[in-house]
Amino acid sequence: MKRGLCFWCALLFLGVLGLGTFFADRIAPYDPNVENRAQALHPPTPLHFFDDKGRFYKRPFVYPTQMIFEANMARSYMPVYKKKCFLRRGKHALIGVQSPAKLYLLGTDSRGRDIFSRILYGARISLSIGLLGAFVAVAFGFLVGALAGYFGGWLDHVLMRVAEFFMMIPALYLLLAMRSALPPTLDSFQVYLLIILILSAIGWGGIARVIRGMVLSLREREFVSAARVLGRKTPSILLRHILPHTFGYLLVIVSISIPGYIFGESVLSILGLGIQEPAISWGNLLTESLSYSVVRFHPWVLYPGLMIFLTALCFNVIGDRLNLSPQKDKL
Amino acid sequence: MSAILQVKDLVLAYPRGPRFGPMSFELMEKEAFALVGESGAGKSTVALALMNVLKFKGGKKLKGKIELSCSQNEIAYIPQDPAAALDPLFTIGSQIRELGCSEIAIRDILEKVKLPLENISLKSYPHELSGGMLQRLLIAMALVRRPKLLIADEPTSSLDVIHQAEIMKLFHAVRAEGISILFVTHHLPLAMDLCSRMAVLFEGQIVETGTPQAIFERPQHEFTKRLLSAVPVLEVS
Chain A
1 MKRGLCFWCA
11 LLFLGVLGLG
21 TFFADRIAPY
31 DPNVENRAQA
41 LHPPTPLHFF
51 DDKGRFYKRP
61 FVYPTQMIFE
71 ANMARSYMPV
81 YKKKCFLRRG
91 KHALIGVQSP
101 AKLYLLGTDS
111 RGRDIFSRIL
121 YGARISLSIG
131 LLGAFVAVAF
141 GFLVGALAGY
151 FGGWLDHVLM
161 RVAEFFMMIP
171 ALYLLLAMRS
181 ALPPTLDSFQ
191 VYLLIILILS
201 AIGWGGIARV
211 IRGMVLSLRE
221 REFVSAARVL
231 GRKTPSILLR
241 HILPHTFGYL
251 LVIVSISIPG
261 YIFGESVLSI
271 LGLGIQEPAI
281 SWGNLLTESL
291 SYSVVRFHPW
301 VLYPGLMIFL
311 TALCFNVIGD
321 RLNLSPQKDK
331 L
Chain B
1 MSAILQVKDL
11 VLAYPRGPRF
21 GPMSFELMEK
31 EAFALVGESG
41 AGKSTVALAL
51 MNVLKFKGGK
61 KLKGKIELSC
71 SQNEIAYIPQ
81 DPAAALDPLF
91 TIGSQIRELG
101 CSEIAIRDIL
111 EKVKLPLENI
121 SLKSYPHELS
131 GGMLQRLLIA
141 MALVRRPKLL
151 IADEPTSSLD
161 VIHQAEIMKL
171 FHAVRAEGIS
181 ILFVTHHLPL
191 AMDLCSRMAV
201 LFEGQIVETG
211 TPQAIFERPQ
221 HEFTKRLLSA
231 VPVLEVS
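Heads up: the protein sequence lines correspond to chains A and B, in order.
Quick note: the first sequence uses the working numbering, first residue 1, plus one each step.
Quick note: the second sequence uses the working numbering, first residue 1, plus one each step.
A portion of the hints provided could be inaccurate.
To be verified - Reference excerpt, derived from the structure (chain A facing chain B, CB under 8 Å, subset only): (1) Ser217; (2) Arg219; (3) Phe223; (4) His241; (5) His245.
Unchecked claim - List time: in silico BS3-like cross-link candidates among lysine-lysine, alpha-carbon distance up to 30 Å: (6) B:Lys60 with A:Lys233; (7) A:Lys233 with B:Lys123; (8) B:Lys148 with A:Lys233; (9) B:Lys55 with A:Lys233; (10) A:Lys233 with B:Lys225.
Calculated from the structure, these hints are not laboratory results.
Built from N, CA and C at the ideal position, the CB exists for glycine as well.
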């Protein structure tokens, strides 16, 4: 089935990001928590193939920089053209550069930490919150929707009213209220788990409603009756005969809802309710960009935001192009 | 001979829908009994109630008793629409294996229904088989569990006359093996061909019960007379 170039590009981007995240400690040029205050808010280091005299080099190189203060005491980094520092394999990482230059592919933050390394490490938390949050919400939504649709009656009424209660409150307020209701003094891992639970609690209602509708229709199908006549138990019927028919929808909804969970984590972290330093997530990387003056003169602090945008876009493109109906494939 | 199934004053209903009954009938061991009637008379609803799955279709047993001398596991069901009875997402092989029978038993039973494995692939999906093949496959799947009671709900409704004749031969063979058959149909000649007794259902009530010959020769109810007169007769000059 043709899915189009956008789908494959999105998949490639997420694949590369996934690999980069998994091997962050082998790829990232610097320790994400090491501060180099002398090079705070350093702009992205440009890679050169031609020197200032126009000579071509096969191996890319960078110029070391020197910090100067401008008239208004703003920092500025000037390249020192006398010395060329070629790219090489780092001591611990794949990417490095000869000293004394530093390789800041996406610049540094206000404490002189490499944003590229921090984005790679931060993706571990942000992406896993997105994936786990979507998985938990979909699993719970499926379970509730399937039970409500399959058994009907009072169970259906009760479960659907609970789902509607979670759906009727605006997600952002519910997110903040739930986080505020829980203890503020938790360690990073507890906060991580808590955020996954909170985000899933917000997302399962809509999924449960759709699954209930699908199961209401599926339970009337002859092959489900046949399974009942064969004496199959309810869990077996739900998993063997009903789940596979909702799988296409679930896969699409997982893909489309992951960005929502990444946004949710970012919102909480920016507001200081989510992942806190020294743990790194894309959300808390964006706290740097809360000040207009920082963004105005050092726009590279927005790169984590760009990553969130691109990742969300890719998941949406994949969700949009996925149409995993095995019947459709085979007919 | 004792009864394998006894239905006493059974009343079935769908909420805000039709109501069927009260009706009573019994099916003896090794007997083929037909429930005949027009569409919507309640034949399939009775079959679903016998298998205890009516509640999942939104129906309800209001009154009456269903007494079985065998367990629910010993009842096999052949549904009306063979294409809908198999899960379209799985190969027929995986659906047969789900019955928990040995490979030899499956092979034997497929031979018996004239659907040998040389002719079909177990890797086929239901939509890749013809209506006749699917129906024979469903009969095989019903028989492989060695049931004591076989409930066949209009098993030939989607077949042409040649396949119908083949399937009816199969049912005769099943009956000869001593399996009781409840044959639900609106096709009178088929019921008369297979069954030793039959009940005529009209608007949810059994209006006539007897041997096919007695009903054919001396129909008592107005509906039975209409039903018999509607059977086409092939005249060849």
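field: Hint check, failures only
entry: 1, 10
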